[in-house]
Amino acid sequence: MQAPSFAQKLMNNKLLTGSALLFVSTTIVNLGNYLFNLILGRYLGPVAFADLSLIVTLMLVITLVTATLQTVVAKFAAVFATDDRQGELRGLWQWTSRWAWAIGLALAAGMIFGAPALQRFFHTVSFWPFVLLGVGIPIYFAQGVDRGILQGQLRFSGLAVSYQAEMWV
Numbered sequence: 000m001q002a003p004s005f006a007q008k009l010m011n012n013k014l015l016t017g018s019a020l021l022f023v024s025t026t027i028v029n030l031g032n033y034l035f036n037l038i039l040g041r042y043l044g045p046v047a048f049a050d051l052s053l054i055v056t057l058m059l060v061i062t063l064v065t066a067t068l069q070t071v072v073a074k075f076a077a078v079f080a081t082d083d084r085q086g087e088l089r090g091l092w093q094w095t096s097r098w099a100w101a102i103g104l105a106l107a108a109g110m111i112f113g114a115p116a117l118q119r120f121f122h123t124v125s126f127w128p129f130v131l132l133g134v135g136i137p138i139y140f141a142q143g144v145d146r147g148i149l150q151g152q153l154r155f156s157g158l159a160v161s162y163q164a165e166m167w168v
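Per numbering that gives the first Met the number 0, the very first residue in the sequence shown carries number 0; after that it's consecutive.
Calculated directly from the structure, the hints in this document are not laboratory data.
Keep in mind that a hint or two might mislead.
[To be verified] Heads up, simulated SDA-like pairs for lysine to any residue below, C-alpha to C-alpha not over 20 Å straight-line:
1) K74 to K8
2) K13 to H122
3) K13 to Q93
4) K74 to W92
5) K74 to R97
6) K13 to F112
7) K13 to N29
8) K74 to R84
9) K13 to P3
10) K8 to S161
11) K74 to P3
12) K13 to F121
13) K74 to D145
14) K13 to K74
15) K74 to Q85
16) K13 to P137
17) K13 to A77
18) K74 to I54
19) K13 to W94
20) K74 to V124
21) K13 to F75
22) K74 to V55
23) K13 to Q152
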């Protein structure tokens with residue numbers, strides 16, 4: 000019986016192959032975001048593109064919170080998955096999901112009801128982009144929990160699909 004080659008060992012390493020898949024997926028997402036900015040910058044004109052850039056920037060600020068949530072959930076999910084503690088993993092998902100939805104809904108209400116004030120403060124053409132961003136906040140918070148669970152379990156293909164779906168939507 001022949002020992003597996005170095006290349007075979009690398010291909011069987013779930014962390015390495017999953018990380019490579021996630022790297023490729025993230026590169027595609029970044030390229031898509033770049034093309035999105037190029038096309039819409041040309042199509043929308045300066046005023047509308049400035050409004051869009053403001054909303055994207057606010058979403059990136061929210062991403063800071065969801066990325067932190069994802070990292071914390073991934074840490075505990077990794078511990079529970081490694082020790083095969085599926086009940087605790089399920090409990091982690093339920094508890095953090097409940098809190099993510101609750102906090103996300105509270106922030107969404109603030110964003111939606113505060114949309115006219117945000118429009119005046121930022122001097123945008125309409126308050127509707129703030130409303131739309133507000134509607135997405137709870138979903139984005141819950142997505143951070145789900146991504147953390149996937150990441151902690153080394154399920155990088157599902158995580159990559161999640162990032163791709165976010166870009167295409």
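Hints, verified against the model:
Distance hint between K74 and K8 is unfulfilled; the C-alpha atoms sit about 26 Å from each other, more than 20 Å. The straight-line distance between the Cα atoms of K13 and H122 is roughly 49 Å, outside the 20 Å bound, and the hint therefore fails. At roughly 26 Å between alpha-carbon atoms, K13 and Q93 are farther apart than 20 Å, so this suggested pair is violated. Restraint check for K74 and W92: satisfied, since their Cα atoms lie roughly 12 Å apart, inside the 20 Å limit.
Taking the CA atoms of K74 and R97, the gap is about 18 Å. The hint holds against a cut of 20 Å. Annotation: proposed proximity of K13 to F112 is violated, straight-line Cα distance about 46 Å (limit 20 Å). Between K13 and N29 the CA atoms are separated by roughly 24 Å; this puts the pair beyond 20 Å, and the hint is violated. Distance check on the hinted pair: K74 and R84 sit about 14 Å apart at the alpha-carbon level, within 20 Å; holds.
Of the pairs offered as hints, the one joining K13 and P3 holds, with about 16 Å between alpha carbons and a cut-off of 20 Å not exceeded. With a CA separation close to 27 Å, the supplied pair K8 and S161 exceeds the 20 Å bound. Restraint check for K74 and P3: not satisfied, since their Cα atoms lie roughly 31 Å apart, outside the 20 Å limit. Between K13 and F121, the direct Cα distance comes to roughly 46 Å. Violation of the 20 Å bound is thereby established for this hinted pair.
Only pairs whose Cα atoms come within 20 Å are accepted, and K74 paired with D145 is accepted, the gap being roughly 13 Å. Proposed proximity of K13 and K74 is supported: the alpha carbons are some 17 Å apart, at most 20 Å. In summary, the hint linking K74 to Q85 is supported, as the alpha carbons are separated by about 15 Å, within the 20 Å threshold. Between K13 and P137 the CA atoms are separated by roughly 31 Å; this puts the pair beyond 20 Å, and the hint is violated.
Using a Cα cut-off of 20 Å, the hinted pair K13 and A77 holds, with the two alpha carbons roughly 14 Å apart. Between K74 and I54, the direct Cα distance comes to roughly 30 Å. Violation of the 20 Å bound is thereby established for this hinted pair. Distance check on the hinted pair: K13 and W94 sit about 28 Å apart at the alpha-carbon level, beyond 20 Å; violated. Restraint check for K74 and V124: the C-alpha separation of about 42 Å exceeds 20 Å, so the hint is violated.
Pair hint K13 plus F75 holds up; C-alpha atoms about 19 Å apart against a cutoff of 20 Å. Taking the CA atoms of K74 and V55, the gap is near 28 Å; set against the 20 Å cutoff, the hint is violated. The hinted pair formed by K13 and Q152 meets the criterion: a straight-line CA distance of about 10 Å does not exceed 20 Å.
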